[in-house]
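Chemist: We have chain A already, so just place chain B on it with the hints.
Keeping their order, the protein sequence lines are chains A and B.
Okay, so the first sequence: first residue is 1 according to the UniProt record's numbering, each after it adds one.
Okay, so the second sequence: first residue is 1 according to the UniProt record's numbering, each after it adds one.
Keep in mind that the hints are not guaranteed to be accurate.
Given that identical chains are not distinguished, each listed pair holds provided it fits within a single copy or across any two copies.
Unchecked claim - Taking lysine-lysine pairs in the PhoX-like style, the calculated list, with each CA pair at most 25 Å apart, reads:
| id | residue 1 | residue 2 |
| --- | --- | --- |
| 1 | Lys83 | Lys45 |
| 2 | Lys127 | Lys115 |
| 3 | Lys45 | Lys15 |
| 4 | Lys127 | Lys116 |
| 5 | Lys271 | Lys22 |
| 6 | Lys249 | Lys219 |
| 7 | Lys258 | Lys209 |
| 8 | Lys268 | Lys116 |
The hints are simulated quantities; they were obtained by calculation from the structure and are not laboratory data.
Number of protein chains: 2
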Amino acid sequence: MIILNTINDIRLEIKEVLRDGKSIGFVPTMGYLHEGHLSLVKRAKQENDIVVVSIFVNPTQFGPGEDFESYPRDLERDSKLVKDAGADIVFAPQVNEMYPEGCSTYVEVEGNITKKLCGASRPGHFKGVTTIVSKLFNIVTPHRAYFGQKDAQQVAVIEKMVRDLCLDIEIVPCPIIREDDGLAMSSRNIYLNEEERRAATILSDSLFKVQEMIRHGEKQASRISDFIISNIKNEELAEIDYVEIVSAKTLEEIEEIKGDVLIALAVKIGKARLIDNIRLEV
Amino acid sequence: MIILNTINDIRLEIKEVLRDGKSIGFVPTMGYLHEGHLSLVKRAKQENDIVVVSIFVNPTQFGPGEDFESYPRDLERDSKLVKDAGADIVFAPQVNEMYPEGCSTYVEVEGNITKKLCGASRPGHFKGVTTIVSKLFNIVTPHRAYFGQKDAQQVAVIEKMVRDLCLDIEIVPCPIIREDDGLAMSSRNIYLNEEERRAATILSDSLFKVQEMIRHGEKQASRISDFIISNIKNEELAEIDYVEIVSAKTLEEIEEIKGDVLIALAVKIGKARLIDNIRLEV
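Isolated chain A (complex conformation):
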């Protein structure tokens, strides 16, 4: 496995890979990797000749007052982990490599799909995501790109961007990986102290319970969200940002649990803003 830091260097590698007629699987990450990321790398390795992993904490997707500066970083550990998971190339650029001075071009998916859910509490977040992912796609030119379903809205936004901009890249959403007690894996779980870590299971606990309710026939979205809200309120350390029941593809709100449904939540626990979701075909 090789680690590259400049666009020029990775371009030369990619050209060689393509000249040999090999397929490229791409896993864009912000580093501080966990089993969720590694599941993407392993899946990419199964489906492609070459796997590229980018590690870049992207400043443009953080709002003012968010955790860009304090976001955890550990390139050495990350490199070992992705090597073991089967990566061939790590691309780990500095900020000024991806955003040189004067850089002012943005890619934006407009509409409710980026305005609701995380877009409501993090204005500009998805504009930062689609811009950096576009740049990385243009550099890596992957055949397939792998994203975790934990960031369900991100997956929907990227899928729409690829469709709208006529990019010839297959987006592969991959299942959420959870800790034994149900907590969705996230680099931000590091922010939780012991007590908060216990409290954080309230997200997955709520989702698993409403999954049961739906399995037993509940069809009304408002009853599902009411249940989640009251369940989370049992947890003193938890502060709800949003609970949304939407169509998984368009992220438009729904009243009846029917079709491809996404139940998504964001909850603040201590310094950490955690998200989780389940997607159901009803």
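Modeler: Frame of chain A, contents of chain B only:
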């Protein structure tokens, strides 16, 4: 030469071209072609194995009240012309092929480079241009793309977009092609009646005269623009939109004629809004 109308069809062709290791030159146009466009096609043919010409009147770069509906179209004539000039593939999609319902992703170069000159009188114009050019680049995946220097601001904006989004495409600006009396060729010249057509030479006349002034040592930008304004005012049918003297790369205003200088104007004559410019290395 083949004419294709769908993204799927041209993608299949492009894949074959790339599989054979051939280089692709791309000339994006809005059709109703003149010698200016054909000079781009010929240049592309000299420098690439395969030349793709797109013909698409892009609705998103026209503002409300502009000439999208009335913009001249003649695909049959255009096809013959580009075939003779050496094109291999014409891509002529319908509007709903490039902008299917619900399409809401845009590429935008922010800052003065798109806000000034034509951007001031045509808000949203360059957002439409960068969005459609991005899509076409993603479909055609050219090695080189050819643009006429008549749209000097467009060239600067596209060059910036390519740099900012890390696209691996060489942008090749090509010289303005003029009628015998100096008028820069443009599809919009068709809007001019006989009298207006004679009046339209006031643009190139002004530019040629200030080129002489600069050759004779004039260094002060304000004296150059004053001269152009008073020269154009001699022509009753002409109504100035802007006269700008700027750095050719950043489009920032300059006071001294020095370095890579762009002198650009937009003038309304009858229904037509005409643009012209000269670029000088001083």
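Chemist: Next step is simple, just say for each hint if it's right about the structure.
Modeler: Status of the hints after comparison with the structure:
1. For the identical chains of this complex, Lys83 and Lys45 are intra-copy neighbours only, at 11 Å inside a copy versus 44 Å across copies, given an alpha-carbon limit of 25 Å.
2. Taking the shortest alpha-carbon separations for Lys127 and Lys115, both the intra-copy value of 10 Å and the inter-copy value of 20 Å come in at or below 25 Å.
3. In this homomeric assembly, Lys45 and Lys15 come within 25 Å of each other (Cα to Cα) both inside a single copy, at 19 Å, and across copies, at 23 Å.
4. Taking the shortest alpha-carbon separations for Lys127 and Lys116, both the intra-copy value of 13 Å and the inter-copy value of 24 Å come in at or below 25 Å.
5. Taking identical chains as interchangeable, the C-alpha atoms of Lys271 and Lys22 are never at most 25 Å apart, the minima being 44 Å within one chain and 54 Å between chains.
6. Within a single copy, Lys249 and Lys219 get their C-alpha atoms as close as 19 Å, which meets the 25 Å cut-off; across copies the closest is 59 Å, which misses it.
7. In the homo-oligomer, the alpha carbons of Lys258 and Lys209 lie at most 25 Å apart inside one protomer (18 Å), although the nearest pairing across protomers, at 71 Å, exceeds that limit.
8. In this assembly of identical chains, the alpha carbons of Lys268 and Lys116 lie at most 25 Å apart only when taken from the same copy (17 Å versus 44 Å across copies).
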